[in-house]
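> Generate the whole structure from the sequences, applying the supplied hints.
Those protein sequences? They're chains A and B, same order as listed.
Sequential numbering of the first sequence, starting at 10, is according to the numbering used here.
Sequential numbering of the second sequence, starting at 10, is according to the numbering used here.
I should point out that these hints are in silico values taken from the structure, not numbers from a laboratory.
Glycine is no exception: its CB is placed at the ideal position from the N, C-alpha and C atoms.
Careful, some of the hints might be misleading.
Claimed, not checked - Derived Cβ-Cβ restraints for the label pairs, each shown as a range:
no., chain 1, residue 1, chain 2, residue 2, range
1, B, TRP25, A, THR231, 54 to 62 Å
2, A, MET228, B, GLU221, 53 to 61 Å
3, B, ALA247, A, LYS36, 38 to 46 Å
4, A, VAL227, B, GLY248, 51 to 59 Å
5, B, GLU223, A, GLY292, 52 to 60 Å
6, B, ASN84, A, ASN170, 14 to 22 Å
7, B, LEU307, A, ASP35, 54 to 62 Å
2 protein chains.
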Amino acid sequence: MRQHKLALCRNHFPDWILEQTQRFIDKYKMFTKEQKILVAVSGGKDSLALWDVLQKLGYQTGGLHINLGIQSEENYSNLSQQITQAFANKRGLTLHIENIEEKYGCSTPQLSHLASRGKDKPCAVCGLVKRHTMNEIASVYNYDVLTTGHNLDDEVAVLFNNVLSWQVDFLKRQSPVLPAKVGLLKKAKPFCRFYEKETAAYAILNGIEYIEEECPHVMGSTTLHHKELLNALENKSAGSKLAFYLKFLKAKESLFLNLDENLAPHDLLFTCPNCGQPTPQPGNCTFCKVIQKATLKLAE
Amino acid sequence: MRQHKLALCRNHFPDWILEQTQRFIDKYKMFTKEQKILVAVSGGKDSLALWDVLQKLGYQTGGLHINLGIQSEENYSNLSQQITQAFANKRGLTLHIENIEEKYGCSTPQLSHLASRGKDKPCAVCGLVKRHTMNEIASVYNYDVLTTGHNLDDEVAVLFNNVLSWQVDFLKRQSPVLPAKVGLLKKAKPFCRFYEKETAAYAILNGIEYIEEECPHVMGSTTLHHKELLNALENKSAGSKLAFYLKFLKAKESLFLNLDENLAPHDLLFTCPNCGQPTPQPGNCTFCKVIQKATLKLAE
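As structure tokens, then:
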């Protein structure tokens, strides 16, 4: 690992991942062993590795897999679900499965298509569906904290995107841990300081089977292009990504210290009368509007 | 110009450059027609184009060319000086020429070599020499404002570098115009919103002869690599660089509003007892220390 000037063998590397994860959980005050942790598991290497690590560290976890109904040659969503179920069964872990098509009458890409008249990529609606469902399941089953498998490469791509457009509100919110708000769960990203190749190596060394296919909708996305640029930066100078992220977290303290958190326009000050989740505007939340719009279109 | 969704012919393009420059000068309150403007001219397209534009707009200008004593196959520094002199002579403009080797007994690369024991690239010392000399000449000849030909590509590369390392002090200071401080001239960059290809097109359309060779020390620099990445970004999405820069200028207003300008560690609170220019530490300034160190080494 050039970025850490560290070389570890196949026996010590997984231990290092466990130790470092524990260190990040403590450092950013993510959660404790007394709390119930919901792990969002897509079936990819990051989320399954995270669940594996949290189990080994002795945390009380449950998994949530959302079947988004995304089709591909390899049947992306159904294969993801199978892999996730196999992982949970093998270890005897609690897994909640939510199937969007069964629940709402159409898949996530269909929801997006119906709600946006087919103009947009489904990624925005997909994010909305995932956020809503994670929050809902956490509330129904009394979880204290939601964790996701976002790795350093993911975080840095988001940071880069927010910096390019100088979205101060989004920059303020980007953090290894987001505190709970009324109606919203606390969120934590214990893998946010691991490079993607580190989580992949962990998954492989631990014999974790994961879905290697990328979501077919990711192809050609801005995020993917930004990741390529950031990889070029990292290749030129090992450790660039980690430095970019850690120096951002440090700079945030001085940059945003004096900004009033409550003045952010994206703050969730209202409650959706339909689903009860928080929303930045009065009236139904965006998720419920999308579902209602799609349902109406389907009935036409 | 894809970034502006604008196409101009060879007759209207130079007029557009003049109008836009005037607009930027006014918008950022850079200088007025009553003030004496010192234009730092390297002999490259940007600085010569800037001088040409400021003359055409009716500003009172003088040029400053610093012969840094940089060698190359094409004799970089001497050729730069010849080209700059030819430009000024043809137009009957005042040009101040400072020759570092004649003034201090050794060239800028030698100064750097002697002061840093040959370890570093000469770029840091070169920046120091240029800043000192520009400030000195402006003071001797009573100029009110210093202008440099930095274009959007230059500004964006600096911004990118400062963002990657989250140098809050440097981010605070990056601006189209820097106000005067005790002992320090006001500085302005009237071309900061023009793409490099725009200033190059202006120079070519106006028959301005400029040195095409890049400084030989630029090769392999981090800035050059960052410029390549930013070009990839721009190629993917026209206007990315301009948006990145303009949104930064806007975000700065809210980000840095509450930070006390005087708390910045790089503030120049002292006066060098040797040259009289401001310095962040008591005692001789870095420029004078470099000269003294190099002079001692030469005498050994």
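> Are the hints correct? Go through all of them and say.
Structure-based check of each hint:
1. Our hint of 54 to 62 Å for TRP25 (chain B) and THR231 (chain A) is violated, since their Cβ atoms are close to 30 Å apart.
2. As the Cβ distance of MET228 (chain A) to GLU221 (chain B) is approximately 40 Å, the hint placing it in 53 to 61 Å is violated.
3. Distance hint for ALA247 (chain B) and LYS36 (chain A): a CB-CB separation of about 42 Å, consistent with the stated range 38 to 46 Å.
4. A C-beta distance of roughly 24 Å is found between VAL227 (chain A) and GLY248 (chain B), which places it outside the suggested range of 51 to 59 Å.
5. At roughly 58 Å, the beta-carbon separation of GLU223 (chain B) and GLY292 (chain A) lies within the given 52 to 60 Å, and the hint holds.
6. Between ASN84 (chain B) and ASN170 (chain A) the beta carbons are some 45 Å apart, a value that contradicts the proposed interval 14 to 22 Å.
7. In this structure, LEU307 (chain B) and ASP35 (chain A) meet the distance hint of 54 to 62 Å, their C-beta atoms being roughly 56 Å apart.
Hint violations for this structure: numbers 1, 2, 4, 6, all remaining hints satisfied.
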